[in-house]
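Chemist: Sequence:
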Amino acid sequence: MLSYVYPLFGVFWSMLFFFVFIMWLMLLFRVFADIFRSDDLSGFAKVLWIIFVIIVPFLGVFVYVIARGSSMAQHQMDRMQGQQQQFDSYVRETAGSSSSADELSKLAQLHTQGILTDAEFATQKAKLLG
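Note that our numbering numbers the sequence shown so that position 27 is 27, with each residue one more than the last.
FYI, nobody ran anything at the bench for these hints, they're computed from the structure. Here a beta-carbon is modelled for each residue, glycine too, at the ideal position from N, C-alpha and C. Do not take every clue at face value.
Beta-carbon label-pair distances, calculated as ranges [unchecked claim]:
id : residue 1 : residue 2 : range
1  : Ser89     : Gly114    : 34 to 44 angstroms
2  : Phe18     : Leu59     : 51 to 61 angstroms
3  : Ala101    : Phe32     : 47 to 57 angstroms
4  : Leu25     : Met80     : 18 to 28 angstroms
5  : Gly82     : Gln113    : 22 to 32 angstroms
Please take these sequences and the hints and turn them into a complete structure.
Modeler: Printed below as a string of structure tokens:
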């Protein structure tokens, strides 16, 4: 009974409309995010783009993508590279590059400064070496 009321072709068109609408919403949010994150746009230009996108949504989004599509991609690449550099520096700082030789030199320096006793130095050295 449902197939007569809602045929397969109707299901196809409904799904197509739903996915196109979701794609348009994603593009709309991406355009708004790019407008707000753009460093090369002045505040006045940002306001004009936002008004244009709000007043005439479909035309505004499409004109923005045509006019500034390449800069949208460049902004995204710059953000990704910045995040990757921050992540790399965080990993380098967190992991450190201390080897057993570095640790031994630090222990020797603490021993010569008198912070570690001979017994403490020997036990720490034994732990590091094996």
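Chemist: Run every hint past the structure and note whether it holds.
Modeler: Cross-check of the supplied hints:
1. Ser89 x Gly114: 34 to 44 angstroms: Taking Cβ atoms as reference, Ser89 and Gly114 lie about 35 angstroms apart, which means the hint holds.
2. Phe18 x Leu59: 51 to 61 angstroms: 22 angstroms, violated
3. Ala101 x Phe32: 47 to 57 angstroms: 54 angstroms, holds
4. Leu25 x Met80: 18 to 28 angstroms: Given range 18 to 28 angstroms: holds, Cβ gap about 23 angstroms.
5. Gly82 x Gln113: 22 to 32 angstroms: 41 angstroms, violated
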